[in-house]
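Here the protein sequences come in this chain order: A and B. Each residue of the first sequence is one higher than the one before, counting from 0 in numbering that gives the first Met the number 0. Each residue of the second sequence is one higher than the one before, counting from 0 in numbering that gives the first Met the number 0.
Derived coverage of chain A by chain B (criterion: at least 3 residues anywhere in the stretch with Cβ under 8 Å from a Cβ of chain B; other residues may be distant): (1) 37-44; (2) 55-65; (3) 132-140; (4) 144-157; (5) 273-287.
No farther apart than 25 Å at their CA atoms in a straight line, the calculated lysine to any residue pairs in the SDA-like style are these: (6) B:Lys210 x B:Phe137; (7) B:Lys210 x A:Ala187; (8) B:Lys210 x A:Glu183; (9) B:Lys210 x B:Glu100; (10) B:Lys210 x A:Arg135; (11) B:Lys210 x B:Asn107; (12) B:Lys210 x A:Glu132; (13) B:Lys210 x A:Ser191; (14) B:Lys210 x B:Ala104; (15) B:Lys210 x B:Pro134; (16) B:Lys210 x B:Val30; (17) B:Lys210 x B:Leu25; (18) B:Lys210 x A:Ala190; (19) B:Lys210 x B:Leu22; (20) B:Lys210 x B:Gln135; (21) B:Lys210 x B:Ile149; (22) B:Lys210 x B:Gln113; (23) B:Lys210 x B:Gly145.
None of these hints come from the bench; they were simulated from the model. Note that the structure is a prediction, hence the values are computed from the model and not measured. Every residue, glycine too, gets a C-beta built ideally from N, C-alpha and C.
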Amino acid sequence: MSTQVTPEAPARPAKAAGARPDTVLYDAPGPRARRRALAGSVVATVVIAALVAVVVSRLADAGQLTAEKWGPVLDPGNEVFDQVWRLLGLGLRATLTAAAISIVLSLVLGTLLGSLRMMLPGSARWPLVGVMELLRGLPVVIAIYFASRVLPDIGVDLSGLPGEDGLWYLVIGLVAYNVVIIAEILRAGVASLPRGQREAALSIGLTHGQTMRLVLLPQAFRVMLPALVSQIVVVLKDTSLAAVLGIYPELLRRANRIAQNLDNPIPMVVVAGVIFIVINVLLGRLAVYLERRMSRRTAH
Amino acid sequence: MDAITENLGLFAEGYLVSLQLCLWGLVGSLVLGTVVAACRVSPVPPLRAFGTSWVEVVRNCPLTVVLFFFAFGLPEIGVNASYWVFGVTALIVYTSAFVCEALRAGINAVPAGQAEAARAIGLTFTQSLRTIVLPQAFRSSVPPLGSVLIAMFKNSAVVGAFGVGRDLFSVGNSLTSAQGYAALPVLTGVAIGYLLITLPAGGVLAVVERKVAIAR
Chain A
0 MSTQVTPEAP
10 ARPAKAAGAR
20 PDTVLYDAPG
30 PRARRRALAG
40 SVVATVVIAA
50 LVAVVVSRLA
60 DAGQLTAEKW
70 GPVLDPGNEV
80 FDQVWRLLGL
90 GLRATLTAAA
100 ISIVLSLVLG
110 TLLGSLRMML
120 PGSARWPLVG
130 VMELLRGLPV
140 VIAIYFASRV
150 LPDIGVDLSG
160 LPGEDGLWYL
170 VIGLVAYNVV
180 IIAEILRAGV
190 ASLPRGQREA
200 ALSIGLTHGQ
210 TMRLVLLPQA
220 FRVMLPALVS
230 QIVVVLKDTS
240 LAAVLGIYPE
250 LLRRANRIAQ
260 NLDNPIPMVV
270 VAGVIFIVIN
280 VLLGRLAVYL
290 ERRMSRRTAH
Chain B
0 MDAITENLGL
10 FAEGYLVSLQ
20 LCLWGLVGSL
30 VLGTVVAACR
40 VSPVPPLRAF
50 GTSWVEVVRN
60 CPLTVVLFFF
70 AFGLPEIGVN
80 ASYWVFGVTA
90 LIVYTSAFVC
100 EALRAGINAV
110 PAGQAEAARA
120 IGLTFTQSLR
130 TIVLPQAFRS
140 SVPPLGSVLI
150 AMFKNSAVVG
160 AFGVGRDLFS
170 VGNSLTSAQG
180 YAALPVLTGV
190 AIGYLLITLP
200 AGGVLAVVER
210 KVAIAR
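Given these sequences and hints, build the entire structure.
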């Protein structure tokens with residue numbers, strides 16, 4: 000595409016702006032570029048439609064589009080419809096429970112850990128930084144597996160806690176990882192504040208702890224709210240790691256169990272995926288909304 | 000620690016298998032992610048729509064769901080492959096969405112004035128793309144791309160946990176479950192194995208970031 004600045008390009012900004020993505024890659028298209036884009040659109044539509052047709056015919060040939068496969072999740076008249084959705088509901092509740100507990104614990108412990116890291120004097124900070132780096136480099140699934148295998152092995156008894164053991168292994172693994180992430184997000188938030196905030200707080204006689212608690216952290220939370228919401232999406236997705244390890248009956252594991260009973264893996268995995276996507280898209284919207292609001296309000 | 004020293008060979012093999020998983024994921028997700036990013040910033044609306052929906056769907060779906068879909072769904076329509084192939088493909092598909100977003104963020108970080116100035120001094124579209132926009136876009140994509148790739152290295156453990164066999168996770172699993180070793184030392188060994196992938200990767204990333212950093 001050799002789009003040169005054509006004389007008429009500035010004359011049609013409204014039309015061009017509507018069709019253009021927010022990119023520096025190209026200028027407002029001239030007549031030739033528009034013709035090419037149109038031709039490209041036609042070709043792309045045909046190719047995408049052909050791909051979709053191939054997939055659909057593959058699905059149909061394999062008998063995957065029958066009421067037998069999809070009825071249990073889509074047809075309220077199906078005999079197992081109620082049961083399937085009751086089980087999925089239980090799974091969703093288990094997923095949300097694990098995610099909620101993990102997020103709250105990670106926020107509380109992450110704030111403590113982050114403040115500790117920022118307030119410790121240089122030499123005392125290193126062991127803490129070392130542990131944090133190790134935890135950050137460890138895959139979450141390993142952390143959860145570690146919790147579920149090692150804790151019972153060394154005699155840690157979680158049966159006093161409400162819920163099943165699996166829930167707490169999942170929570171411990173998720174928290175161990177996310178505590179560090181949250182601490183780092185807050186540290187970045189505090190670092191983004193103007194230096195004068197801390198200096199002013201100290202000069203009016205607040206202690207280091209008070210400065211952190213009353214002045215820096217509240218602002219850091221506000222600045223980093225979008226990042227924290229995005230981290231909630233990550234935690235929610237990571238709860239499904241329990242399905243791979245088979246330790247906790249969350250949404251995906253429930254869906255997989257149902258799929259084994261009804262022999263319809265495609266519909267069940269798709270349904271579980273759609274539920275995750277809907278929740279996460281909503282959370283993503285929330286993060287974008289918070290970011291917009293934040294950029295309007297913090298104009299320092 | 001006997002559990003580790005006695006089975007050092009197994010751990011070493013597991014490490015190499017896990018590393019292989021990471022490298023396949025690295026190459027595949029960079030290629031696929033670049034293709035999706037190219038679609039997403041192209042001037043062709045259907046391709047943009049395809050790129051956007053790809054990213055939205057894949058990014059908001061847990062990797063485990065993608066894995067289950069590939070490993071249990073595809074055989075239903077007659078696509079048969081080993082868990083290894085399904086696992087690597089799922090990892091690539093999942094990571095491609097994040098690679099795409101990192102690249103797109105890099106392109107959007109180039110100030111519009113750069114492209115305008117390039118056009119003003121008479122560079123053609125290809126020239127301005129090749130010499131002005133993309134080099135800068137690439138440089139500012141490096142930090143987010145690096146975090147995406149390190150996250151992918153960690154996600155390769157999920158593929159391992161799913162059961163591709165012989166990788167670090169499977170070694171840990173078989174030593175503790177089938178051979179009755181105590182969990183703590185074995186899993187510490189597994190953890191060290193993964194740290195030997197992610198920590199050096201983080202080091203390499205830091206070096207690369209320093210090399211390509213530009214002051215804006």
